[in-house]
Structure formats: structure tokens, C-alpha cells
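Participant: Under the working numbering, the first residue of the sequence shown carries the number 3, and numbering increases by one thereafter.
Among the hints, erroneous ones may be present.
DEER-style ranges, computed between Cβ atoms [unchecked claim]:
id	residue 1	residue 2	range
1	114	136	25 to 33 Å
2	179	364	21 to 29 Å
3	230	137	39 to 47 Å
Please keep in mind that the hints were generated in silico from the structure rather than gathered at the bench.
Note that beta-carbon positions come from the ideal geometry of N, C-alpha and C, so glycine has one too.
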Amino acid sequence: MKATGVVVEYNPFHNGHYYHLQETKKATGADCIIAVMSGNFLQRGEPALLSKWKRTKMALLGGADLVIELPYAFATSHAPRFAFGSIYLLQSLGAESFCFGSESGDAELFSKTHEWLKDKQETYQEHIRSFMNNGLSYPSAASRAFESLDIPLALDLSKPNNILGFEYVRASRELGSHIRPVTIKRKNADYHDVMLGKGNIASATAIREAIFTNDAEQAAPYMPGYTLELLAQEQVEKGTLMNWERFYPLLRYQLLSTSPSEINRFYEVEEGLEYRMIEAMKKSDSYETFMKHLKTKRYTWTRLQRACLHVLNKVKKDEMLAILDSSPSYIRVLGMTGKGREYLGSVKKSLDLPLVTTVSKYDSAGLRLEAKTSLVYAQGATRDILRAEKEEFNTPPVMV
Numbered sequence: 003m004k005a006t007g008v009v010v011e012y013n014p015f016h017n018g019h020y021y022h023l024q025e026t027k028k029a030t031g032a033d034c035i036i037a038v039m040s041g042n043f044l045q046r047g048e049p050a051l052l053s054k055w056k057r058t059k060m061a062l063l064g065g066a067d068l069v070i071e072l073p074y075a076f077a078t079s080h081a082p083r084f085a086f087g088s089i090y091l092l093q094s095l096g097a098e099s100f101c102f103g104s105e106s107g108d109a110e111l112f113s114k115t116h117e118w119l120k121d122k123q124e125t126y127q128e129h130i131r132s133f134m135n136n137g138l139s140y141p142s143a144a145s146r147a148f149e150s151l152d153i154p155l156a157l158d159l160s161k162p163n164n165i166l167g168f169e170y171v172r173a174s175r176e177l178g179s180h181i182r183p184v185t186i187k188r189k190n191a192d193y194h195d196v197m198l199g200k201g202n203i204a205s206a207t208a209i210r211e212a213i214f215t216n217d218a219e220q221a222a223p224y225m226p227g228y229t230l231e232l233l234a235q236e237q238v239e240k241g242t243l244m245n246w247e248r249f250y251p252l253l254r255y256q257l258l259s260t261s262p263s264e265i266n267r268f269y270e271v272e273e274g275l276e277y278r279m280i281e282a283m284k285k286s287d288s289y290e291t292f293m294k295h296l297k298t299k300r301y302t303w304t305r306l307q308r309a310c311l312h313v314l315n316k317v318k319k320d321e322m323l324a325i326l327d328s329s330p331s332y333i334r335v336l337g338m339t340g341k342g343r344e345y346l347g348s349v350k351k352s353l354d355l356p357l358v359t360t361v362s363k364y365d366s367a368g369l370r371l372e373a374k375t376s377l378v379y380a381q382g383a384t385r386d387i388l389r390a391e392k393e394e395f396n397t398p399p400v401m402v
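Put together the whole structure using the sequences plus the hints.
Facilitator: Listed below in C-alpha cells is the structure:
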């Protein structure tokens, strides 16, 4: 069987995601689509709207055949490690290609840009450091550095999906992988759009905004019916859908009850950020207000959210780096269709990594971190918290 991979978060699954999966099948001719999906916490430093299990079911109903989990350490890391972990897992499962959405829509351009930039790495990094020393955030500095090299190509690395796509291609090349990159041009909505707009495709950002401002009915046309059903089911089971405001009291407690030196031990808390966090917290009665006090030109909103996430989950630097300094050490199956089961059966004996379907039967630093952060995620529920706490160990892979 021929497999292709996609890297996803589905927060929540919407029409644009469905379009991407269908176009991926057309572009690659794959028999099986493997989705590497972030768990309960996401790359932008946010809690997922609903559980990994509900999002897995959305993925399978929408066209994915096999869903595996991107471990917390990689899922909540900066773009290069996020991409590395994802591509490594797809390579480990024998995917022949991977397909990502991009503003460019030209896979060859990503590969050519990587080849050109590979010979300019030292100069590129020097430019990045220079722009950061002038107060720019890393993404802005990287984009400006790229522009300053005057590369004779048209790839715009200021665009969020182009940035991730470039990192996927770079990861596959650095791994010496045979996996072929394929890209689908994004349709209609931009990544950061906060308005629902015309047509039937909107960004996940706009859909979440509508959901949390009591305008969910207007968001309905932009999502498949099963997404709406699973959102409603999660609302009933947990009493709420998750966002940062649900966890703000816990974050507030952590910051106000912990010494600055201890906060500094948490991953991504650097350069005196712990003091700024404490002072911002003292002036804020909501997460949104806290972030506005915390935000600086040097740090992006996403970068600060990830630091807050690691404080919330009490994830220390040495704990994260011990995992990130190596490759993912297991393949955790979250769900599959009949076709996914068939593919998994065909490659199972040739896998170099252990296949995990029951977490209680396998021990690793990555899974221990997953269990710890999943317990924290469960605290966002307003109903049946004990049930939510047991999901990590009690939920079998979703079958569709």
C-alpha cells in the first residue's frame, strides 16, 4: 500500500481541512493517509478546543486513515522541532510522501529554496542574530534575514504555512529521507483571518473566534456536520470547550505561588521573562489582559503562549530537552479506519519504533510527559473531571 502523510492539529476540523485531505489523495494517489496530530496542547501554545480523541474521530471521518500522536515535546515546540518530530514519525511509518498546505502551492520551490539556503546558513544565522539584537522576534528576524540574502526565488517566508512547509522540507532533507514533499495551495482563508468571510472555507482562528463569542451558528457552514456533532458532544461531556481562559486561574496560581528562580527553570522562560510574567499577572484579571501586558516586540504572541503553557504544565527545561535532543521514541496510534488497520498490519513487522496502542503497557519519558500534561488539560472541564482525567489511559484507539 502507498501511504502519504499530513501534519495536523484540527482545532477544530473544518471544510478547509476536508479540502486538503481530498486534494492530498488526488495529488499523491495514496492508498492510506497518515495524519500526525498534536495532542491536547498545540504548537501555537494553546489548549486544544476539544480532546485528541474527538479530533481524531473528525480526522477519520474527514478522510484520514491512520492518526498518530505528535508527542507534547514536539507538538508545543518551535517550528523546526515540530516539523522534525512530524516528519520523523511519518518516515518511521513508511510514508512515501507528505503533503502540506501553503500560500505558495509549489513544492519544487520549497526544495530549491532549501538547497540554496543550505550553502548560506552561516550568513543567514548571523543576519537573524543581528535583527534579533535590534529587537525583532525570531520569525520576523528570520524573514528579514531571508530577504537580505537576495535569494533568486519567490518563496515568501513571512507566510505562516510557507514557514512550516519549509521546515518540513528541511527536516526531511536533514533526515536523509526519501519522503517526497507535495503541497496544496491554501484556498480562500488566510491562516490568521479572524473573519468568517465568503464561500464555505474559513480559518480555524475565525471559527474558534465565532464559537467563543456566541456566534457558533454563523460558523456552522464552514464545518462538516460531524464536527458540529462532536463539538456539541464535548460540550455536554466536559461542560465546556477549552481555551486559555479556562486555564487562567491555574496559570495565575502557578506564577503567583512560585519563585522567579523556579519559574526560570521552565522551558522557554528566558532572559528575565519570569519577572515580566509575574508583574503582568498582578495587573490582569483575564488571560487576554495578561497577554497584552506580557507582549513585547521581541517575543511573538505564540512564543509567549508556549512559555505560559510550559509554566502551566510545570515542564522544566531539562525535561523537555532530554526528549527534544533525540528523535521520537514511539508511535502512538490514536485511531484508524479499516484501510488504516490494513496499512498498519502491512508495515508492523518492519517498524523500528514500538507501536503504542495502550499507554499503560509502555514506558518512556515522552509518554510520562503526555500523561502529566493530559491531567492538567482535564482540569479545564467543568463537568465529570474524574472521567476526563482517566481519558489518557482509558481511551482505546478510535475506530471508524
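Participant: Is 21 to 29 Å a correct range for the gap between the Cβ atoms of residue 179 and residue 364?
Facilitator: holds, 25 Å
Participant: Given the hint of 25 to 33 Å, is the C-beta distance from residue 114 to residue 136 inside that range or not?
Facilitator: Since the Cβ atoms of residue 114 and residue 136 sit about 29 Å apart, the hinted range of 25 to 33 Å holds.
Participant: Taking 39 to 47 Å as the stated bounds, is the beta-carbon spacing between residue 230 and residue 137 within them?
Facilitator: The hinted range 39 to 47 Å holds for residue 230 and residue 137, with Cβ atoms some 44 Å apart.
Going down the numbered hints, you'll see the structure goes against none, and every one checks out.
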